[in-house]
Each structure stands twice: as C-alpha cells, then as structure tokens.
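Using the hints provided, position chains B and C relative to the given structure of chain A.
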Amino acid sequence: MNKDMDRDKTVKELAHWLDVSVEGNLETVIHDVASLDAATESDVSFLDSERHLASALSSRAGCLLVPEKMAPIPGRTVLKVRNPRYAMARMIGLFHPPMEPTRTIHPTALIGKNTEIVDDVCIDVNVVIGDGVKIGRGSCVEANCVLGDGVILGEQCHLDPRVTIYAHTRIGNRVVFHSGCVIGSPGFGYVFERGRYHAFPQIGTVEIGDDVEIGSNTTVDRGALGPTRIGTGTKIDNLVQVGHNVEIGEHCVIAAQTGISGSAVIEDYVTMAGQVGVGDQARIQKGAIIGGQAGVLPHKVARAGQPLWGTPARPLKEFLKQQAVLIRMPKILREKKSREEEKSAKTDPAPRGKKDRLE
Amino acid sequence: MNKDMDRDKTVKELAHWLDVSVEGNLETVIHDVASLDAATESDVSFLDSERHLASALSSRAGCLLVPEKMAPIPGRTVLKVRNPRYAMARMIGLFHPPMEPTRTIHPTALIGKNTEIVDDVCIDVNVVIGDGVKIGRGSCVEANCVLGDGVILGEQCHLDPRVTIYAHTRIGNRVVFHSGCVIGSPGFGYVFERGRYHAFPQIGTVEIGDDVEIGSNTTVDRGALGPTRIGTGTKIDNLVQVGHNVEIGEHCVIAAQTGISGSAVIEDYVTMAGQVGVGDQARIQKGAIIGGQAGVLPHKVARAGQPLWGTPARPLKEFLKQQAVLIRMPKILREKKSREEEKSAKTDPAPRGKKDRLE
Amino acid sequence: MNKDMDRDKTVKELAHWLDVSVEGNLETVIHDVASLDAATESDVSFLDSERHLASALSSRAGCLLVPEKMAPIPGRTVLKVRNPRYAMARMIGLFHPPMEPTRTIHPTALIGKNTEIVDDVCIDVNVVIGDGVKIGRGSCVEANCVLGDGVILGEQCHLDPRVTIYAHTRIGNRVVFHSGCVIGSPGFGYVFERGRYHAFPQIGTVEIGDDVEIGSNTTVDRGALGPTRIGTGTKIDNLVQVGHNVEIGEHCVIAAQTGISGSAVIEDYVTMAGQVGVGDQARIQKGAIIGGQAGVLPHKVARAGQPLWGTPARPLKEFLKQQAVLIRMPKILREKKSREEEKSAKTDPAPRGKKDRLE
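Protein chains in written order, with this note's numbering: chain A, 1 to 359; chain B, 1 to 359; chain C, 1 to 359.
Worth flagging that the hints you see were computed from the coordinates, not collected in a lab.
The reader is advised that the hints may include incorrect statements.
If several chains are the same, the list does not tell them apart, and a pair holds so long as it fits within one copy or across any two.
Mimicking DSS-like on lysine-lysine, the simulated pairs with C-alpha atoms at most 30 Å apart in a straight line are [to be verified]:
1. Lys80 x Lys69
2. Lys80 x Lys9
3. Lys346 x Lys321
4. Lys69 x Lys9
5. Lys331 x Lys300
6. Lys12 x Lys69
7. Lys337 x Lys321
Just so it is clear, the structure is predicted and the values come from calculations on it, not from any experiment.
Just chain A, same shape as in the assembly (with noise of 0.2 Å):
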C-alpha cells in the first residue's frame, strides 16, 4: 500500500466527503486505510457491528468507521456510517484510485477487419483481436488476451491478462475479466451413437450484462443452441464452471469453484457458497441461499429466499437435524445393545458366555 502525501485528508474532510457526523477529534490527519490490526494513528479503518469492539479498542487505527447506532467508544475518532464496509470500500478508492490504463493500442496487438473500436481503449501487447469485434469507450483488454471474431464488448470494461473471448460473446458495461477466465467454449454435449460419442455442435453464444465481474481461471460455456446468460450485477469468483445454457439473473454472488450444469436457471440474487454443484436444468429461485459443497439435483427446484445444504441439497434445517441425529446415532445404537446384553444377560446367560467364548 503506497503512500501518497498529495491524497493526505483530515478527519474533518473524510466527515464531509462522505456526508456523516463525526466525534472526536476533527483535526486527525489520515494518510491511508488499513485493517484494525495493521492501522496507525495515521489510517483509517473500519468495524462492521460491535462483535469486533475489542479488535477496535486495541486497534492504533487514527479514525474509525463505525455503525451509526454504536455506542461512543471514549478517546477514538469515529466516522458514524450507515454501512461502515462500505463506506471503508469508498475510503480505499479514494486512497487507492485505481490506475488509468495508457489509452493505446500497442503496436504487438493483432486485431482484425471491420472492428468498430473507440479512440479511448486500451489494446495491450500481443493482443489478439478478430474480425468484426466492437469495443466501447473507456474499456482496457490486458496483454495477451484473445478475441474471436464478432465479440461484442460494452464500454468501461476491463480484461485482466489472458483472457479468452470465443466469437460472438456480446458483453455489457462495466464488466470485470480476471486472468485466465475463459468464455463462450463449446459446451459439453455428445449424443452417443453406434459405440461412440459424437459431438452435438455448440452454435449459440454468451450474453452477459452489465456490472458483471467473472474470475480467475473461470470457465463459461456458450449455448448449444440459444445463449447462456449471465444478468447484470452478478459476481463470479474464481475457477467456476458456467455449463451451456445456463440462465444466471441479476445481482447473484457466485463463489469459487461452483459448478452449474447445462441449462441450470439460477434466478435474481442468489448466493452460492463455494464448491456447491447444480444439476442440469435445476432452478434456484430468486434469493434462495446454497451452503459450501451442496450438490442440487438435476431438475430439482430450489425454493425462493431458501437456505439449503448438503448433497442431495435440502432445507438447511432438515440438513441440520439429520446431521445432529447422525452425530447421537452411534451412542443411541451401543445405549440400546448394552440395554439389550443386559436384558439377554439376566434372562438367558449361557449363549452370551458361548459368545465370549468364541470371541
């Protein structure tokens, strides 16, 4: 985290930047964010609720941001937020703006016939760019990324190095590409014929909205026939496999390594933990919430606003019965053999002394 003195502001002015009211000591000057644990007198950092007050009495942090209905803690200067992470999450842009690409096209970028791309991007070394490809205003493809031909890329979007693009991808604004994502393959259908498998040609495409942020090492397959759809606002984290067809709303958080089979529908903001598997043509309704490493089945609906967990997944309630049943089971079953060695002992000795014998 570099410093940069010119960015230095008084605590006074962060108040005023973001609109809040403050106590303590106005004067404070800050220099930079920090974590409660990493903080000085010079940062500042943030607690979400007041579980963390012991992190923030013993943080050195210079100024807090805190929940405005906190109570006051005696001789810290705090920040009352409505939403401290996010108010923290405006503190690091305007501490650490990010840097503006070199508006340019590198003499190594390779790119094709009858593009249609603005002054303003930013096309780095040993780019691969294919014909007919549109890009907007603003937008930054990293070095040695790859673009079929037809891809159409909104404006302000950003391509981390590496990136694939198959043909015909039409993006959105403001979409996000971390190194190594690879989007629009040809997804995964055979159709089994005398002994062997032939392939069922992948002819659709991707569509993605706006907003969109997609992962490290991130795969999303094109349609077989017709579009896979990722909506506007969605986060895809890193090394998640995207089948063909898949249909994802509007403002669903996707976490590492989940895998959503073909012609899945996962509606408007769902949360899916890590490692969760989604069977082919399942729906997961809007705001329904799929615990780490839950398995939903092919064609399964996931009820709305749901928290659900486990393979096969179920309400996460039922998940947690059973698996408290399962944790007394073992005691319950040798409770119940000693109960009935016991009854067997007092009403029929000899066979249990053979058994001893024998064993």
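Showing chains B and C alone in chain A's frame:
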C-alpha cells in the same frame, strides 16, 4: 445463429439427406436449426421422447425430428429418425458447417528446429512451438498456444487459443483442446525427508488417443515414470484434473470439475458426473456411472456397469436407502422419545415433574 | 524417457554415490530409471515397503532400492536405503538432469522501465514484464507469461508457459509455477448496498516464501488489505483456489481442486487431500490432515495433528462411526419393523390381514 440463404433446404431434401421417412408438408423450406421454444416456421427442431410432446405442440418449428415409433402429431411435419438428438446434431452440422481455418503459418508464430509440420496446417498468431514438434495434416493451433519440445500432434486436431502442451506429449487424430487447458504439467509427487518435501521428478509423458475432446482450463499431468493415458473417444469437460499416471479408457465421459488422483484407472465407457473425486489407485470398471460430487476412495474398485453415489462412494441403491433413513430418523427419534416420556410419566411421574421445573 | 549412454553407471557407482550398502551384482550396468513393472535389466527401480515384494519379485529391474531393514531378496541386486522413494527421486535426477534453460532474453519479450533483471535469467518468447520488476539470478520465465508492475521474483524460480503474476506480488527463491496459474488476482469481496453489490477494492498483495510449488491453473487471490501468504516449502496442486488474505504456513501439501476461503489460516505441515473446502476465517492447526472432499466450516478450528473428514468436517473416527451406523440403519429399521409387525400380528391379526388385502 447466422442464416445463409444458400443453405435453404426443403423438408423433402432433408428427408432424403437423412434417408428417413417424412409425414406432413414436404415442400416446407427450412433455413436453420433451433430449440423447440425458439424455433420459427423455417427452423428444424427435435424432440428426444414423447415426454416433450407438449413443448413440441407449442413449438412453431416448421419441421420436427421425432423418434421413429412416435404416434403422428396432427398438422405437423415430422421426420422420423432412430436417434433424434443425433439427427439434430447432423442438421446443425448441415446448416452451420464449422469455419474452415486459414491454412497458413502466421508470421508472428515462432517455430523451433527439426519440426515436421505438414503444409496445410494452421498456426495462428503468437503460437510458440518447440524443437522436434510434429503436426499432422489439417491440424490447427490457434493464437497464443505453446507446444513444448517433441510434442506429436496428429491430423485434424484443433487447439483453441491459449492452450499449453508440455514437451513430449503424444496426441492422436481429431483431438480438440479448448482454451486454457494444460496438458503434461508435472504431477504432484513429493518425498518427505528431513522435515521438508522434495520433488519426485516427473519424467513421464501424456498419451492421448483419437477423437478425444478436452475442456477449457482442464489440467492433465504427465506421469511420474511412464505415461498418463487418455483413450480414444473420451470426452473431458472444463476444469477437470487428471493426475499423473492416470489411465482413462475409451469412450468415457467426464463432466466438469471432476478430479482423478494419481494412478487411478478409469476403464472404457465410464460416465462421471460433475465434481466427482477419485482417489489414487482407485479403479472404475467398465461402464460404471459415478454420480455428481461422489468420492471414490483410494485403492477402491468400483464395479462394472454399476451406478455409485456419495462420499465414500457406494452403490446408488444403498446410498438412496441410507439417505431415506437419514431423512426419517429425526421423526423416528422424536416419536421414540415421546413414547418413552409417556411410559415414564405413567410409571414414575415425579422425576418428570422435577425435570419440567428445571427447564 | 531418453537414454543417454554417457550416463551409464554400475551398481557399485550408484551405491557409492548414494553412500549405501549393496547386495548382489556390483558390476550390473544401469542406464535408466523405471517403475517396477516397466523396468528392464538395465533400469533401477524401487519399492517403498515389503508390501510390494510380489511386484519386486516379478520385476525385471537390474537394481532395486529397498528399505534398509528388508530381508534379502534371493538373486536380486539391491541397494539398501533409509528412504527408497527419496533415493529413487535422486536417481531420477541423476539419469534425467533437468534441462538447462537458455540464459537469454528473447527479442519478442517486452520489458518495462526501471526493472532489475540479473544477467543469467531466461525470459522467453512473448513474455510481458511490467515496470519496476525484479528478477533474481538463474530464474526462468517461459513463453507468454505476464508479470505486472513491481513484481519481485527471487533466484532460481521457474515459471512455466502462460503464467500470470499480478502487480506487486513478492516471491522467494526456487519457486515453481506451472502453466496457467494466476497469482495475485483481486479477491472476491463485495458490499451489498442499495440493491446491488459494490466491489470492496482489493489493494493487498501476495507473498510467497521459498521452495513453493504452485500447480497448473491454480488461482491465488491478493489480499483485500494486507497480504495473502504462502509459506516456505508448501506445495499446491492444480486448480486450487486460495482466497484473499489466506495465510498458509510452511511445508503444507494441498491437493488438486481444494478451495480455501478468505482469511482462513492453514498452519505448518498441514496435509489437505483433493477437493477440500475450507470456510472463511477457519483455522487448520499444525499437522492436521483433511480428507478428500471434506468441508471445514467458516470460523471452525481444526485441531493440530488430527485427521478430519466429511462435510461439515469432524474427527475422522467420528465420521467413520457415523458412516458405519448409516450403513447399518436400513437393516436395523427393517428388523425393527418386522419385529413390530410380528408383535402386532400376535396381538391383533385383523388389521394386518386388512393391510395385506389393501396392498
């Protein structure tokens, strides 16, 4: 899906081309292929079985590929075929023939010494090819791929952009690699000695048969000693891990994010769903079917033709029975408890009253 | 496995080189290394323990590395070593020394300003290196890698083709990266505010110790604030996900497709099998062993030295007991049911007869 009017066909022509019987309007002109719900009057579509009859009836498709034994659909033009999905795959190939890559070696490609590269190949932008590499007729290596020394690539292979093939990998004919896959990286083998792990040098190779397809960002490690093998006709999805010295037979289908540990053997015609884990030296016998997220233990043998599920993986029937029990257990225990409490209340009410007071 | 006659050794020479005792024919000439089943009379092979004695007896290997305390194998030439696998690793290194990369900077490589790159490094075709990068003696960066601004790479490191290292990552000595891995991509951190997710800017870094190895297509995210850390000697397999601010200790072994969520701590000498999931802020204490596909809950502490399995992960013994019960339960319930039916038949035969008729 681009339409190309030169490719218009009448239903009669399609019937003739597929060599099948037709019912309905032979003169209907077909421009393209589509799924049942997206099809228009000039599209051909298909249904796999009578289960999708409702969708077929509401589809506007001008022509339907249907199973041979299916009852006639009133007012519909149908082509009766043995395997509708396979016929549809052929239709897609007819209306959307794969683009012929330009048969050239791009000037930015860097090619090593002593290579044997046939004239009609395509080697695209920024491809890097090592010494002694052989590439067969009609093969195509897209942008930014890297092939190590001594790689042997057969005929009619296709490497999508950004594929890595490590040195000395041997690949058959008509093998397809999707973007970002890595073939022949060193396996994960270490020896613990004097408090630290030392690499066990991985000097084996990878051998891939004909007609194999390997998904985006999938990784196949080379053998420690001797080869890792993938048999003819096997199809591997995205983000799959194949460990060192694994042997995969012919005509297997391995879905996304599955991981196969070192020295495991997957015999012919095995089907593995997504996110399956196979332990080292396990053997999956011919035709076995492994359910999603199942975990096959190291050294375990999964019997031929048998479906398995769960972790540790067990025969599907057993797994389902155990799941059914698990689901019923909370209720069974609740009932047992209330019976016991009833009994206890009858024989000795005092302790129960005492317990109630304590609560 | 190429043979190189200059590397021929007698068993006597090998015994001397390893400084161990020998039994059998000291003059046997060894050309190469091989596994027990593939070995010929001129190969050295090894067996880890007496369990593999049968394979050793049927092997044609001219020389065997065997455990010190093992009984003599009649008619066999053996070298008695403390750790046969380690001795074999050394033998492989002797007969197959790693190729020395050409110490040059390829003219197609693009190198930024103010870099510190020692003379004897290898920077291969199309490599892109940012401003202010430092590369230590003897390090090698293969084709199509991208190193962001300010990356610090130690001595004797090796980057296989197509690796991405994001800006400001700090890497120790002798670190190996396999193809397609991505180090330092932005972590998965968002704040939900006004109906949508906003990026929590990820301004931290990644710090990697000495002698680390990172597998193909593995992803390591940089910290949100502060670093993500991987300790000296730790080995990470393919397709592993390491989230932001994770701290991995020294000499850990993490198998393929494992995912470690943000801010989790993995202490020294931990072993994780494949496809393990670790929740955010979990702590895996020193020497713990996590079984394949296990899922460690967020904030959970896995105790030192203990084997864990299952999701949610629990001590291995408990998991196995619970599995054993689960396997027996269908039978137990069946027996219970038939006992109850018997009893019921004795006391009140009518309803049972009625039930039979209904079935």
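Status of the hints after comparison with the structure:
With identical chains, the CA atoms of Lys80 and Lys69 are at most 30 Å apart within one copy only, with a shortest distance of 8 Å there and 71 Å across copies. Taking the shortest Cα distances, Lys80 and Lys9 sit within 30 Å of each other inside one copy (17 Å), while across copies they are farther apart (70 Å). Taking CA atoms no more than 30 Å apart as the test, Lys346 paired with Lys321 passes between copies only; the shortest distance there is 29 Å, against 36 Å inside one copy. Proximity of Lys69 to Lys9 under the C-alpha cut-off of 30 Å is restricted to the intra-copy arrangement: shortest distance 25 Å within a copy versus 71 Å between copies.
In the homo-oligomer, the alpha carbons of Lys331 and Lys300 lie at most 30 Å apart only across protomers (24 Å), although the nearest pairing inside one protomer, at 34 Å, exceeds that limit. For the identical chains of this complex, Lys12 and Lys69 are intra-copy neighbours only, at 20 Å inside a copy versus 76 Å across copies, given an alpha-carbon limit of 30 Å. In the homo-oligomer, the alpha carbons of Lys337 and Lys321 lie at most 30 Å apart both inside one protomer (24 Å) and across protomers (15 Å), since each shortest distance falls under that limit.
Against the hints set out earlier in the document, no violation occurs for any number.
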